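Visitor: Sequence:
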Amino acid sequence: MYYTDKKLQYPVRVETPNPVFARALQQAIGGVEGEIRVALQYFFQAWGCRGPAKYRDLLLNTATEELGHIEMLATAVALNLEGAPLSLQEDISSDTVGGSVLNGMNFRHILSTGLAALPENANGVPFNASHVYASGNLAADMVANVTAEGSG
52 MYYTDKKLQY PVRVETPNPV FARALQQAIG GVEGEIRVAL QYFFQAWGCR
102 GPAKYRDLLL NTATEELGHI EMLATAVALN LEGAPLSLQE DISSDTVGGS
152 VLNGMNFRHI LSTGLAALPE NANGVPFNAS HVYASGNLAA DMVANVTAEG
202 SG
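The sequence shown begins at 52 in the numbering used here and counts up one residue at a time.
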């Protein structure tokens with residue numbers, strides 16, 4: 052069971068909406084190194100932990116903390132999409148390098164979510180949990196967690 056107090060852990064502010072940055076933030080949510088992966092990894096490690104309860108609790112608390120990170124990132128995506136002018140997309144598309152590298156806004160934000168975050172990476176690939184590691188070996192899982200935290 053989880054408790055929510057209906058406020059973000061830290062305030063999320065966006066001065067000027069930027070749909071390209073919103074797309075990049077998707078990587079931090081649903082990418083291989085993203086918060087969804089890390090949260091699920093901690094949860095499954097905790098649920099499979101057969102060691103002392105303090106380690107299970109540590110993993111569960113950390114997983115819950117990661118859910119707060121997803122919430123802040125998803126809020127940042129929504130704020131970067133809110134009222135974002137079409138001119139931002141056009142400016143990037145008209146720039147040779149910017150248009151080819153960034154390719155503008157993720158149009159699924161418009162078509163699929165009403166200008167909100169998705170459980171996918173910056174390229175639109177849905178999160179699939181293939182990089183969630185929970186071996187049942189507490190020491191090995193902790194090494195996997197250090198790697199996950201260090202890469203994201």
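It is worth saying that the hints were derived from the structure and are not from the lab.
These numbers were taken from a predicted model, which means no experiment stands behind them.
Beta carbons are placed, not taken as given, at the ideal position from N, Cα and C, and that holds for glycine.
Any given hint could be a false lead.
As the list claims (entries may be wrong) - Once the Cα atoms are required to be at most 20 Å apart in a straight line, the calculated SDA-like pairs of lysine to any residue come out as:
{"no.": "1", "residue 1": "Lys105", "residue 2": "Phe94"}
{"no.": "2", "residue 1": "Lys105", "residue 2": "Glu122"}
{"no.": "3", "residue 1": "Lys57", "residue 2": "Thr126"}
{"no.": "4", "residue 1": "Lys105", "residue 2": "Ala167"}
{"no.": "5", "residue 1": "Lys58", "residue 2": "Glu122"}
{"no.": "6", "residue 1": "Lys58", "residue 2": "Gly187"}
{"no.": "7", "residue 1": "Lys58", "residue 2": "His120"}
{"no.": "8", "residue 1": "Lys57", "residue 2": "Ala167"}
{"no.": "9", "residue 1": "Lys105", "residue 2": "Ala180"}
{"no.": "10", "residue 1": "Lys105", "residue 2": "Phe178"}
{"no.": "11", "residue 1": "Lys105", "residue 2": "Asn179"}
Unchecked claim - Here are the computed distance ranges between Cβ atoms for each label pair:
{"no.": "12", "residue 1": "Gly175", "residue 2": "Pro103", "range": "17 to 25 Å"}
{"no.": "13", "residue 1": "Ala190", "residue 2": "Thr67", "range": "44 to 52 Å"}
{"no.": "14", "residue 1": "Ala104", "residue 2": "Thr67", "range": "21 to 29 Å"}
{"no.": "15", "residue 1": "Leu109", "residue 2": "Tyr61", "range": "31 to 39 Å"}
{"no.": "16", "residue 1": "Ala191", "residue 2": "Tyr61", "range": "17 to 25 Å"}
{"no.": "17", "residue 1": "Glu66", "residue 2": "Asp108", "range": "12 to 20 Å"}
Visitor: Okay, which hints does this one fail, numbers in order?
Guide: 2, 4, 6, 9, 10, 11, 12, 14, 15, 16 and 17
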